[in-house]
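2 protein chains.
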Amino acid sequence: MSIRRTRPGRPRLVPPTTTSPPREQILHAAAQLFVTKGFAGTSTREIADAVGIRQASLYYHFTSKDEILAELLERSVRPTVDQVERIEQLAAPESPETALYALALVDVRTLAEAPDNIGLLATHPDVTSSEAFDAFRGIRAELADAYGRIARTAAPGVATAAEPGHLGDMLMHLVEVTTSLRGSGVPIHDATAAAIASTCLRACGIPESRIASAAASAATLLDDLPKNPGHH
Amino acid sequence: MSIRRTRPGRPRLVPPTTTSPPREQILHAAAQLFVTKGFAGTSTREIADAVGIRQASLYYHFTSKDEILAELLERSVRPTVDQVERIEQLAAPESPETALYALALVDVRTLAEAPDNIGLLATHPDVTSSEAFDAFRGIRAELADAYGRIARTAAPGVATAAEPGHLGDMLMHLVEVTTSLRGSGVPIHDATAAAIASTCLRACGIPESRIASAAASAATLLDDLPKNPGHH
Chain A
1 MSIRRTRPGR
11 PRLVPPTTTS
21 PPREQILHAA
31 AQLFVTKGFA
41 GTSTREIADA
51 VGIRQASLYY
61 HFTSKDEILA
71 ELLERSVRPT
81 VDQVERIEQL
91 AAPESPETAL
101 YALALVDVRT
111 LAEAPDNIGL
121 LATHPDVTSS
131 EAFDAFRGIR
141 AELADAYGRI
151 ARTAAPGVAT
161 AAEPGHLGDM
171 LMHLVEVTTS
181 LRGSGVPIHD
191 ATAAAIASTC
201 LRACGIPESR
211 IASAAASAAT
221 LLDDLPKNPG
231 HH
Chain B
1 MSIRRTRPGR
11 PRLVPPTTTS
21 PPREQILHAA
31 AQLFVTKGFA
41 GTSTREIADA
51 VGIRQASLYY
61 HFTSKDEILA
71 ELLERSVRPT
81 VDQVERIEQL
91 AAPESPETAL
101 YALALVDVRT
111 LAEAPDNIGL
121 LATHPDVTSS
131 EAFDAFRGIR
141 AELADAYGRI
151 ARTAAPGVAT
161 AAEPGHLGDM
171 LMHLVEVTTS
181 LRGSGVPIHD
191 ATAAAIASTC
201 LRACGIPESR
211 IASAAASAAT
221 LLDDLPKNPG
231 HH
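Here the protein sequences come in this chain order: A and B.
Each residue of the first sequence is one higher than the last, beginning at 1 in our numbering.
Each residue of the second sequence is one higher than the last, beginning at 1 in our numbering.
These aren't lab readings, by the way, just hints derived from the structure by calculation.
Hints should not be assumed to be uniformly reliable.
As the list claims (entries may be wrong) - Covered stretches of chain A (in silico footprint by chain B; criterion: 3 or more residues with CB under 8 Å from a CB of chain B, positions within the stretch not fixed):
id, segment
1, 34-48
2, 85-91
3, 173-187
Unchecked claim - Which chain A residues stay away from chain B? Per the calculated CB distances, all over 10 Å, these:
id, residue
4, Gln55
5, Ala56
6, Ala135
7, Gly138
8, Arg202
9, Ala203
10, Cys204
11, Gly205
12, Pro207
13, Leu221
14, Asp224
Backbone N, C-alpha and C fix where the C-beta goes; we use that ideal spot for every residue, glycine too.
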């Protein structure tokens with residue numbers, strides 16, 4: 001079944017690279033179908049057809065469609081969450097502003113590189129209402145907590161005014177503009193990522209002069225971080 | 001068909017009020033089903049069943065499932081966009097900070113009151129990829145433009161640093177945290193709305209002292225606005 005609803009700037013169904021491992025080919029084809037047709041509107045049969053394998057072979061790699069989406073969704077947050085501890089060790093508490101800038105930057109990059117802009121599905125009702133994605137929601141909550149924790153250290157007064165429990169959610173949402181821009185066909189350049197990270201610091205009431213120095217320190221800090229296997 | 005996947009804090013299928021106009025009953029039942037089961041996973045038959053009418057009667061009010069979702073989505077942005085002109089007339093250009101605060105506050109309220117948290121579906125692939133929702137995407141782009149235009153007037157220096165074209169998108173995304181909080185069962189109090197609006201101003205580099213006065217002026221301004229028919 002071919003996909004006719006593609007639009008400019010939307011992911012397109014391209015022939016899968018037959019040299020990638022089958023598991024990766026399945027994930028890639030599924031991501032394209034989920035983002036184009038919706039999760040409920042996609043069958044495992046269609047995913048198998050897109051890869052050019054039989055449905056039985058697909059079930060050798062994944063027990064269900066839920067499991068495929070769960071893995072894809074994890075790839076939109078796991079690479080960021082995996083860096084949180086190192087970022088906090090290297091930057092906070094001496095320079096929580098650098099930590100916040102670095103976290104936002106890593107998060108923008110993860111979302112910009114996640115397969116087929118799968119981050120778009122994070123707030124999808126299928127995902128927020130099914131227990132199959134409890135693990136993903138747990139990782140996402142961990143990320144919101146990290147934003148909140150670092151932001152509270154960076155700007156204690158403002159964090160209280162903006163309700164500690166929600167500041168992390170607000171910053172995470174702000175950074176998720178990445179998926180929306182990407183979905184509209186806007187390329188996520190380094191300047192775009194820097195603008196989003198700077199806006200996060202501004203949202204915490206951090207003045208311009210300190211944002212500039214946080215940006216410089218974050219660049220150094222990220223060079224020191226072990227390369228994330230999810231990035232290329 | 002009953003819905004078994006409801007979770008704490010999620011919209012629940014409740015018997016429709018038989019005193020509301022049928023069109024409203026259809027919209028309400030559809031919203032609950034779309035948010036719980038996804039758009040692709042819901043049939044017009046199920047919507048008709050939930051209302052207790054025949055499918056033929058549903059088609060008397062709406063020509064398609066797309067048309068139902070389009071109207072629901074419009075209700076998550078139209079009440080805000082309808083206030084933009086008045087907000088800008090009353091506040092900008094003398095006080096663009098007040099205009100931005102007021103816009104964010106009206107937007108939080110619209111999202112907090114939209115039927116069954118339907119704002120959650122705004123970035124849904126079904127919506128972003130189908131031409132049936134071109135009109136909705138147009139109104140949403142209008143809202144992002146308004147955020148950007150007002151923010152540029154409120155903080156011209158910062159707006160340039162944060163790329164003029166994207167500042168509006170970032171602020172709109174930040175405010176959409178409302179749907180995410182609401183989806184997690186967090187009540188959207190006046191204090192929550194104020195925290196989100198203040199964070200928008202901070203994100204534009206506006207200092208605390210001026211945020212406090214913008215909040216006070218915005219309260220007066222909103223009292224002067226004609227009551228939005230979509231609000232209760």
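Are all C-beta atoms of chain B more than 10 Å from that of Asp224/A? Fine: 26 Å to the nearest Cβ keeps Asp224/A off the interface.
Taking a Cβ-Cβ distance under 8 Å as contact, does the segment 173-187 of chain A have three or more residues in contact with chain B? holds (count 9)
Evaluate the condition: distance from the CB of Gln55/A to the nearest CB of chain B exceeds 10 Å. 20 Å, holds
Test the statement that Ala203/A is away from the interface with chain B: the closest C-beta pair must be farther apart than 10 Å. 4 Å, violated
With 10 Å as the threshold, tell me whether Gly205/A passes as away from chain B on beta-carbon distances. At about 5 Å from chain B, Gly205/A fails to clear the 10 Å cut-off, so the statement is violated.
Taking 8 Å as the Cβ threshold, is the statement that the segment 34-48 of chain A is covered by chain B upheld or broken by the three-residue rule? holds (count 8)
Any Cβ of chain B at or closer than 10 Å to Ala56/A, or is the non-interface label fine? 25 Å, holds
Can we confirm that no CB of chain B comes within 10 Å of the CB of Arg202/A? 5 Å, violated
Test the statement that Leu221/A is away from the interface with chain B: the closest C-beta pair must be farther apart than 10 Å. 21 Å, holds
Take the segment 85-91 of chain A, compare each residue's beta carbon with every beta carbon of chain B, and decide whether three or more fall closer than 8 Å. Check failed, 0 qualifying residues.
Whether Cys204/A stays farther than 10 Å from all C-beta atoms of chain B, as the label says: Cys204/A not clear of chain B: closest Cβ-Cβ about 7 Å, inside 10 Å.
Grab the minimum beta-carbon distance between Gly138/A and chain B and tell me whether it stays above 10 Å. 13 Å, holds
The structure fails hints 2, 8, 9, 10, 11, 12 (numbered hints given earlier, in ascending order).
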